[in-house]
Amino acid sequence: MVDQPQPPPASAAAVGRGPWRVALRRLRRNRGTLVFIVVFVLIVLFVLAAPLWADHLADTGPNATHTLEKVEVDGEIREVVDPAGRPIGPLWFGAGGKFFLGADGRLGRDEMVRLMYGGRTSLFIALTSALITTLLAVVLGLLAGYYRGWTDTLISRALDVIWAFPVLLLAIALGIALAVGGLQIGPLTISSGSIWIPILIIGGVLIPYTARPVRGQVLSLREKDFVEAAVAQGAGPLRVMFGELLPNLASTIIVFFTINVANNMLLESALSFLGVGVQPPNASWGAMIATGNDLITSAPLLTILPGTMILLTVLSLNVIGDGLRDALDPKAKIRLEAHAGLAEPEGTPV
Amino acid sequence: MKKFGAVLAVACLAVVALSLSSCSSSGGKEGGTLNGTYASFPDSLDPALARTVEAWTAMYATYVPLLTYAHESGQTGSKVVPGLAESLPKISSGGKTYTLTLRKGLKYSDGTPVKASDFAASVERMFKLNSGGSTFYTGIVGAEKFAETKSGGIPGIKTDDKTGKIVIELTQPRGTFTSELALLYVTVLPADTPVKNMTADPPPGTGPYEIVKTEPGRSWSYDRNPQWEKNNAALMPDVPSGHVDKIDIKVVGNPSTQVNEVERGSSDWMQTTIPSDLYNKVKEKYEGSQFRVEPTISNYFFWMNTTKPPFDDVKVRQAVNYALNGAAMERIYAGSLKPIQQILPPGIPGYEKYELYPYDMGKAKQLIAEANPSDRDITVWTDDESPNNEATAYYQDVLNKLGFNAKLKEVAAEDYFTLTGNLSTPDLDTGWLDWYQDYPHPNDFFQPLLAGESILPQENSNYAQIDDPKLNAKIARLSKETLGATQEAEYAALDREYMEQAPWAPYGTRTVSTFVSSDVNLDDVVFNPTFGQDLASFQFK
Chain A
8 MVDQPQPPPA
18 SAAAVGRGPW
28 RVALRRLRRN
38 RGTLVFIVVF
48 VLIVLFVLAA
58 PLWADHLADT
68 GPNATHTLEK
78 VEVDGEIREV
88 VDPAGRPIGP
98 LWFGAGGKFF
108 LGADGRLGRD
118 EMVRLMYGGR
128 TSLFIALTSA
138 LITTLLAVVL
148 GLLAGYYRGW
158 TDTLISRALD
168 VIWAFPVLLL
178 AIALGIALAV
188 GGLQIGPLTI
198 SSGSIWIPIL
208 IIGGVLIPYT
218 ARPVRGQVLS
228 LREKDFVEAA
238 VAQGAGPLRV
248 MFGELLPNLA
258 STIIVFFTIN
268 VANNMLLESA
278 LSFLGVGVQP
288 PNASWGAMIA
298 TGNDLITSAP
308 LLTILPGTMI
318 LLTVLSLNVI
328 GDGLRDALDP
338 KAKIRLEAHA
348 GLAEPEGTPV
Chain B
4 MKKFGAVLAV
14 ACLAVVALSL
24 SSCSSSGGKE
34 GGTLNGTYAS
44 FPDSLDPALA
54 RTVEAWTAMY
64 ATYVPLLTYA
74 HESGQTGSKV
84 VPGLAESLPK
94 ISSGGKTYTL
104 TLRKGLKYSD
114 GTPVKASDFA
124 ASVERMFKLN
134 SGGSTFYTGI
144 VGAEKFAETK
154 SGGIPGIKTD
164 DKTGKIVIEL
174 TQPRGTFTSE
184 LALLYVTVLP
194 ADTPVKNMTA
204 DPPPGTGPYE
214 IVKTEPGRSW
224 SYDRNPQWEK
234 NNAALMPDVP
244 SGHVDKIDIK
254 VVGNPSTQVN
264 EVERGSSDWM
274 QTTIPSDLYN
284 KVKEKYEGSQ
294 FRVEPTISNY
304 FFWMNTTKPP
314 FDDVKVRQAV
324 NYALNGAAME
334 RIYAGSLKPI
344 QQILPPGIPG
354 YEKYELYPYD
364 MGKAKQLIAE
374 ANPSDRDITV
384 WTDDESPNNE
394 ATAYYQDVLN
404 KLGFNAKLKE
414 VAAEDYFTLT
424 GNLSTPDLDT
434 GWLDWYQDYP
444 HPNDFFQPLL
454 AGESILPQEN
464 SNYAQIDDPK
474 LNAKIARLSK
484 ETLGATQEAE
494 YAALDREYME
504 QAPWAPYGTR
514 TVSTFVSSDV
524 NLDDVVFNPT
534 FGQDLASFQF
544 K
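Protein chains in written order, with our numbering: chain A, 8 to 357; chain B, 4 to 544.
Chain A extracted, bound-state conformation:
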C-alpha cells in the first residue's frame, strides 16, 4: 500500500459549517456589535412595555391631558402644570411612577408614557417602511438586473426621477400634499391622520437607494455559472430570479434592511418634527422633539429625552448593520482590512 500524501487537516470550523453558521460565529466575535444588539433589544423591550407602564404605574394614556390636576409627591401636593404654564419636572417614583419623567408641557401629559408610546410609533414606522422599501427595491432591482434592456431602462429611469429629488424635500412635499385629503388609490383609502401616510412616504422615497445596488449585484450574478446551469436545466425567469438570484442577495438585503430601518427612523423624526409625519396628539420621538422645542429653555429634558432615544436607536442599528455586513460578507471585510494593512492571509480558517 502506497502511503499517499494527505491533505492538510481542515479546521473544524471550515468543514461542515453552513455560511449562516459561519456568519453567526463571526458576529458573536464582534463585541461592539453584540453590545449594540443588547442596546437595541432593550429599546424594543422598553417600548413594548408601554401599556404595562401606562396602566399599572402611570395610570394614564399617552394623549390624556392633566392640565389642572395635582399629584401627591412624598406627601406634598403639587400641580402638574403651574399657573405660568410650566410643566412639572421628573418625579421618578415620588408619585408611584406617575410623571416619572415629568409632564410634557401645558397639557400635562405624562412624558414617560409618551416616550414609550412614541418609541413604538417611531419603531413601527421605521420597521414597516423599511420592509416596504426593501421588498419593492429587491423586486425592482431583480427585474431590472435580470431582464436588462427596456425593462431596466424603464425601472432605472423611474428610480432616477425619485433619486433626483432630495429625500427630505420630496417626503415633506408628499407629506403636505397628503396632509388634508389623505391618500386614495382605487378602493384603498388612507385617512390623512393615519400612521400609514408617513410609512408609505418614507417607504417610497427611499426605494432607489436600495434598488440600484441590488440591480448592480443582479447584473453581476446573472453572468455566473450557476445561473447558466439553472437556465440550461430549463428554469424560467421567475425561478432564476427568486430561486437562484434572491438567495445570493440575502446578505445584501439583510444589511440594507437594518440600515434602512435606521435611516427611516431619522426621516420619520425629521418629518414629524416638521409637522408632516406623525400627526398630533399622537406621539413619536420626532414629534416629541417638536413639542419640547417650544419649552427648550424652561424644560430642556423634553427635547433631550426623545433625541437621546433616536440617537441610541439609530446608532445601534447602524452598528448592527455594519456588524452584519462584516459577518455576512467577509470578502468586503478582508478588502477593507487589507486596505488598512490588517488582512490575514486568504484562506485562513475563521
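By construction, these hints were calculated from the structure, which means they are not laboratory data.
Keep in mind the model is a prediction, meaning the values are calculated, not measured.
Note that the Cβ used here is the ideal one computed from N, Cα and C, for glycine as well.
Please note that the accuracy of each hint is not assured.
What the hints assert, rightly or not - Interface residues of chain B toward chain A, partial, derived using beta-carbon atoms under 10 Å: (1) VAL262; (2) ARG267; (3) ASN283; (4) VAL401; (5) ASN403; (6) LEU422; (7) LEU426.
Stated by the list, open to error - Below, computed lysine-lysine pairings styled on DSBU-like, alpha-carbon distance capped at 30 Å: (8) B:LYS168 with B:LYS311; (9) B:LYS168 with B:LYS153; (10) A:LYS77 with B:LYS473; (11) B:LYS153 with A:LYS77; (12) B:LYS404 with A:LYS77; (13) B:LYS341 with A:LYS77; (14) B:LYS168 with A:LYS77; (15) A:LYS77 with B:LYS286.
To be verified - Here are some chain B residues the structure puts well away from chain A; computed CB gaps all over 10 Å: (16) THR115; (17) THR141; (18) GLY156; (19) LYS161; (20) ASP251; (21) TYR282; (22) LEU359; (23) ALA396; (24) GLN399; (25) ALA415.
Keeping the supplied structure of chain A fixed, place chain B upon it in accordance with the hints.
Same frame as chain A, now just chain B:
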C-alpha cells in the same frame, strides 16, 4: 457786528432746524432698518383677501382705504378717520346713500394716479375673489347679483374720475357701513390689479410704505413709498409718515427663538405673543422698557358644524360647552387668556357677562347620553401655532372623554383659514378659531360669524354654518340701526339666544404683547385695537 450777529443768528437757526429734522418729537432718530419676526407667514398679503390680524398688521401702513382707523392705541384707535377720501361720508336717503370724494393728487406707489373708479374696480375684484370680507358689502345695490355672476358691474357704486366723487347706494340702511368702509377688504387698488391672490407680488398701495419683495412662507420687505412724501403725505394728515426707511420681516417658527433674537438685538420686534413658558420671565425683566401687555377685543372658541352629525344636535353642542373647562384654557395660555362663554367679548358695546354653561362634566355626559349620537367620529381642526394647537389638543381630549372618537387635524397657520373656510374640504366637523374685532361694533361678532348669509362655499366665515332665520333677521335689523343703549341691550340678548343654541364653545379673550429690542422706543409703538402694531410708529432711539 450787526452783520456778524445776523450770520450767527442764521447759523444758530440752521443748527436748530437740522437738529429738529433729524429728531422726532419723542427724541428718536429717523431712518434705519426695522427687522421683525412673525411665527408664520400671514394668510395673505393681498388686502382684499387678508383675514387675520397678522396680515392686517403687515398692511396697515401700506394700504389706505377711503376711510381708515386712527393710527392710535386704545379706544382712540377705534375711531374712523378719512383716508383716501376727503372727509367722512355724507349719509343721505335715510341711511342708504353714502357719498365720498377722493382727495385730489393721490398716487399709488408705482406713480399711477388714484382714480375714483378704482374703488368700484377694487370692490368688484374683492367679490370676484370670493373674499371672506365680501359679506360686509353685499348690502350695496347689485352686489349680491355681482357676487353670483361676477359680471356686469355693481350698479350701487357710481364714480366720477373727474370730480373724484364716489356714491354708494345700499339696498337698506346699514349702521356699520362707515366702519366697514375702513377695512382693508375695500382698500383702493389700481383698476388693472389682476384678479388673483397677489401675495407673491402685492399690488401698489397709497400708504407710507410699499411692500417691495415677498417670499411667501418666509419673508417680506418694505421700502418707503416713493410717492408718499411727494404727493400723499400732505393730503392724508391722519396717516403717519413712519420713521424707519426699510422694514424686513422674516418668519421664525419658534417663538422662543423670536424672543432670543429680540433680546440679543438681532431682531427689533416680534409680532408673535411671547410664548407661555417665557411670558413671566420676559414680563418681569422688560415690562415698561421693552415689553408691554396689549388688551384685545377678541374671542377664542371652537366652532361646531351645526349641519352635520353629531353637532347637528343642540344637546351635543351644549354638552361640549359644559365639558370645556375655562380654567384649563387659562393655564394653557399661561395667563394671557381670560375665560368667557359668550359671543361678545369684554370691550365691545353690548357685552354683558354671563355664564350659561359652567363647567360640569357630569351634566355634559348626561346630555350626550340623552342625545346618543350615532356618529361619534369627529375631526378636530387647528392651526399649528402654540398655544392654540395645545388648546385644541385639550379640546380633543375633552371630546374623547365625552365618548367621541376625535381625531386632531393640525394645519399650517398660513393655510388654516383657506382650508377650513372652504366648504368642500372634507370632515369639517369642529375646530379652533379666534376672532378679533374688525371694527368696534357688536355686529362684527354676529354678521360675519353667525349670519346665514355669511355661509360661503369658499372663504366662509360662518364656520358653525348656523342658519337660523329668526336670528338672521335680528342681525339684519340691528345692523341697519345706529348703535345706542337699546341696540346694545338687544345685542346682549342676541348673544344669549345664540349661546342657547351653542354653535360655538367659546373659551376666552386674550391679551397679546409688544416686545421690542432695546434699540426701539417702546413708548412710540402704537397698538391699534383692530390692526395691531402700526409699523409706521416704530422708531429707533
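Is the hint on LEU422 of chain B kept, meaning its closest Cβ partner in chain A is under 10 Å away?
Constraint on LEU422 of chain B satisfied, holds at 6 Å.
Would you check whether ASN403 of chain B satisfies its interface hint, that is, whether its CB is within less than 10 Å of any CB in chain A?
8 Å, holds
Just want to verify: LYS161 of chain B was marked as not at the interface with chain A; is every Cβ pair farther apart than 10 Å?
Given that every Cβ of chain A is farther than 10 Å from that of LYS161 of chain B, nearest at about 43 Å, it holds.
Would the hint linking LYS168 of chain B and LYS153 of chain B be met if the CA-CA limit is 30 Å?
Between LYS168 of chain B and LYS153 of chain B the Cα gap is close to 24 Å, so the pair holds against 30 Å.
Are the Cα positions of LYS77 of chain A and LYS286 of chain B separated by 30 Å at most?
27 Å, holds
Hold the hint about ARG267 of chain B up to the distance rule: shortest CB distance to chain A must be less than 10 Å.
Since chain A brings no Cβ nearer than about 14 Å to ARG267 of chain B, farther than 10 Å, the hint is violated.
When you look at the beta carbon of THR115 of chain B, is every beta carbon of chain A farther off than 10 Å?
Given that every Cβ of chain A is farther than 10 Å from that of THR115 of chain B, nearest at about 38 Å, it holds.
Below or equal to 30 Å on CA atoms is what counts here, so check LYS341 of chain B against LYS77 of chain A.
Distance of about 22 Å is within 30 Å: holds.
Would the hint on ASN283 of chain B stand, with a C-beta cut-off of 10 Å toward chain A?
5 Å, holds
Holds or violated: is the Cβ of LEU426 of chain B closer than 10 Å to a Cβ in chain A?
This interface hint is violated because 14 Å lies over the 10 Å limit.
Need the status of pair LYS404 of chain B, LYS77 of chain A: alpha-carbon distance at most 30 Å?
Holds, at about 19 Å.
When the nearest CB of chain A is found for VAL262 of chain B, is that gap smaller than 10 Å?
9 Å, holds
This entry does not satisfy hints 2, 7, 8, 10, 11, 14, 21, 23, 24 and 25, going by the numbered hints stated previously.
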